[in-house]
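Here is how the chains run, residue by residue.
There are 2 protein chains.
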Amino acid sequence: MIKARVTVTLKNGVLDPQGKAIEGALSGLGFTGIGHVRQGKVFDLELESADKAKAEADLKAMCEKLLANTVIENYSISLD
Amino acid sequence: MIKARVTVTLKNGVLDPQGKAIEGALSGLGFTGIGHVRQGKVFDLELESADKAKAEADLKAMCEKLLANTVIENYSISLD
Numbered sequence: 001m002i003k004a005r006v007t008v009t010l011k012n013g014v015l016d017p018q019g020k021a022i023e024g025a026l027s028g029l030g031f032t033g034i035g036h037v038r039q040g041k042v043f044d045l046e047l048e049s050a051d052k053a054k055a056e057a058d059l060k061a062m063c064e065k066l067l068a069n070t071v072i073e074n075y076s077i078s079l080d
Numbered sequence: 001m002i003k004a005r006v007t008v009t010l011k012n013g014v015l016d017p018q019g020k021a022i023e024g025a026l027s028g029l030g031f032t033g034i035g036h037v038r039q040g041k042v043f044d045l046e047l048e049s050a051d052k053a054k055a056e057a058d059l060k061a062m063c064e065k066l067l068a069n070t071v072i073e074n075y076s077i078s079l080d
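Those protein sequences? They're chains A and B, same order as listed.
Those letters in the first sequence? Residues 1 to 80, per UniProt numbering, in order.
Those letters in the second sequence? Residues 1 to 80, per UniProt numbering, in order.
Hints are computed from structural coordinates only; laboratory data are not their basis.
One thing to keep in mind: the hints can contain errors.
If chains are identical, the list can't say which one is meant, so a pair holds when it fits in one copy or spans any two.
What the hints assert, rightly or not - List of simulated lysine to any residue pairs, SDA-like, C-alpha gap at most 25 Å:
{"#": "1", "residue 1": "K54", "residue 2": "S27"}
{"#": "2", "residue 1": "K54", "residue 2": "V14"}
{"#": "3", "residue 1": "K60", "residue 2": "R38"}
{"#": "4", "residue 1": "K52", "residue 2": "P17"}
{"#": "5", "residue 1": "K3", "residue 2": "A50"}
With the hints as extra help, turn the sequences into a complete structure.
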């Protein structure tokens, strides 16, 4: 079994109101010196295959089809 | 400037309906051999300080106070 982690983040230049809200909330809590905050998503998947190359190709297809909106998001895949 | 990534994931045993929905959607798209899927959050922060130890302590406090719900979530911090 392969464990994989897919991280999906917004592309540069895409507005991130959620990140902005977190910036505001952190300042409100008294944290200073915080620059930009961007929020993304992380998916932890278990794949039953033992073939790493196939798993990576499958994960790429999953990202393109479902996990990421590639118009506005980047994704990165890491296998354990 | 320090760039940090905070990853927040659900603790083991906490139900993850979003992850279950993704599992279902992936099977529906024809992907087979997928075990559990769990969804989490990732925060990319820029800190103006140059002191790594202080940055790490600040990030820990931010996680405890705002970024993670430590009753049901784990967090991990990585600095660039």
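Hints and how they fare:
1. K54 x S27: The answer is between: 17 Å across copies meets 25 Å, while 45 Å in one copy does not.
2. K54 x V14: So K54 and V14 fail the 25 Å test inside a copy (32 Å) and across (30 Å) alike.
3. K60 x R38: So K60 and R38 pass the 25 Å test inside a copy (23 Å) and across (17 Å) alike.
4. K52 x P17: neither (37 Å within a copy, 27 Å between copies)
5. K3 x A50: within (10 Å within a copy, 34 Å between copies)
In summary, the numbered hints that this structure violates are 2 and 4.
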